[in-house]
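Visitor: Generate the whole structure from the sequences, applying the supplied hints.
2 protein chains.
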Amino acid sequence: MTATPRDILALSGGVGGAKLALGLADVLAPGELHVLVNTGDDFTHLGLQICPDIDTLLYTLAGRANQAQGWGLEGESWATMDALEQLGGETWFRLGDRDMATHLWRSQQLRAGAQLSAVTSALALRMGIASHVHPMTDDPVHTIVHTGRGDLPFQHYFVRDRCEPAVSGFSFDGIALAQPNVELMRRLHDGAFRAVLICPSNPFVSIDPILQLPGLAAALRAGSAPVVVVSPIVAGLALKGPAAKMMAELGMGASALEVARHYCEQYPGLMDCFVIDESDATLAAEIGELGVAVAVTSTVMKSRADKQDLARFCLQACGSRQQ
Amino acid sequence: MTATPRDILALSGGVGGAKLALGLADVLAPGELHVLVNTGDDFTHLGLQICPDIDTLLYTLAGRANQAQGWGLEGESWATMDALEQLGGETWFRLGDRDMATHLWRSQQLRAGAQLSAVTSALALRMGIASHVHPMTDDPVHTIVHTGRGDLPFQHYFVRDRCEPAVSGFSFDGIALAQPNVELMRRLHDGAFRAVLICPSNPFVSIDPILQLPGLAAALRAGSAPVVVVSPIVAGLALKGPAAKMMAELGMGASALEVARHYCEQYPGLMDCFVIDESDATLAAEIGELGVAVAVTSTVMKSRADKQDLARFCLQACGSRQQ
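Quick note, the sequences are listed as chains A and B, same order.
With numbering that gives the first Met the number 0 as the guide, the letters of the first sequence map in order to residues 0 to 322.
With numbering that gives the first Met the number 0 as the guide, the letters of the second sequence map in order to residues 0 to 322.
Partner residues are not named here, just some residues of chain B that face chain A (Cβ under 7 Å, in silico):
{"hint": "1", "residue": "45"}
{"hint": "2", "residue": "46"}
{"hint": "3", "residue": "79"}
{"hint": "4", "residue": "82"}
{"hint": "5", "residue": "83"}
{"hint": "6", "residue": "88"}
{"hint": "7", "residue": "97"}
{"hint": "8", "residue": "99"}
{"hint": "9", "residue": "100"}
{"hint": "10", "residue": "103"}
{"hint": "11", "residue": "104"}
{"hint": "12", "residue": "107"}
Everything labelled a hint here was simulated from the structure, so no lab data went into it.
For clarity, every value in this text was computed on a predicted model and none was experimentally measured.
Backbone N, C-alpha and C define an ideal beta-carbon position, used for all residues, glycine too.
Guide: Below is the structure:
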């Protein structure tokens, strides 16, 4: 038991989550931030184990992410992809020359028997990252997107098919047998966190896989740390990615209200506070009727200062756990 | 049975063999050259199937080899290796960014169940190579170098340890169960070749693995095509690689005579003609006493014309099969 917990837990997918994580890392003391990252997007490609969300977190926290592109490394080169294209190989998933080293190294460690959590910690250390980056599980979980064109592995839907097929639902293969990150669960059990932030990531394909791991949502509910969710939908739009398109296709309408309703219905009693953008302030009353506190601020993170401001706001919004 | 065989078979290791193969490809009609390539150097590294001699052949015949370096592609970049080094990964075997695509593509095809011979043909086709490049076998054969520091896998001896350990012998793991290249054996059986050239490659670690494949030397002996060997030792030196150093360590002295003796003793009745450099002309009589014809020319291939000249000389030196 930690007498006075100082650490912060953030649940995150890729880009949007990584932005808030970077802000949190900036405003917290070194090592106080733990990020639990979705691995439902992970897949084997060209014989390499690719972990898109983990890598986005690592590259972002290391200050090396290509922010304009939204994935991969800044200053990247593409000689291998160009040569692979000349050979007629698969190039729909773009792996940069420097990024390739991450996949080669990680795949080698995994083949040698290391767990993804240990490999991720080692990568973070080698990249000079003080925060703790945890894969949500060391077990294989594969997000499947149910679409009008059939069931698609996530990266086929997301990258190859550019999110074009209309979605009707999602499933997470392997999740029933997956054990949530062991170290993280121990820390949760020990009361190590003073707050839990759910980053502005896609609720359906980034956060749901984490929260649906057996025992994880229950452990969050049982803890004393307040759970604060930042809406990934601002003024009816997703700042990045297909969340808004998915919501429309699922028939729920793309709004911060529907995001709040999703979390309240799927995980009753989990969320204490919902953070929405100023442009959605008119939704505050209706969201409040769901039984959660609502906090309004500017949630659009363009500059480094924006990220830090939102991080500080969320930490202050946390207050204490609702009972 | 081919009535008038036109094709040429060349047995080859890496650099020296590839030079003569390029000369042969230049002076023969497209498709007339078949190269049977050593795969005893092949190994799995970073999860990739690496075939150093095959790649040297492919890159050389495609006109893309880095000739100054002796391996890899010209105009290569090293972003992945640099990034892997920053991660503390294994970088003793240098894989260039463009070269990486070859390994990724081949490894993917092999994992999918394709045979190395089919994958190699496909690579040659995609690189615009008219000659036929055959791996010596589709089965795993691993050259082991016996040294004062123990038994070493070939690439550990050759690249990692830079040929420094003194050698006492060699073995080829898996060779007893390896089937020689099926298409090549069929062509040999059909009498498709008018001559067989053994390139100026390392006798111990490039040519012996090929000739010791079950049935291969016997098929060459049984055929009507003359077998011409080009000495890899010129004036007591190997132009590239550790052949001369190995010969000294094996106690046989580094000379073209000892190379000829090696082939005559190991494969009696196989060699019809031995091609030596002008600088070794004084050895001709003694080599002739081994029972082979000796042909003397300039065997040092610096320019493209040198390669073509040596190729033409070897084809003329072939004459007819000794009986």
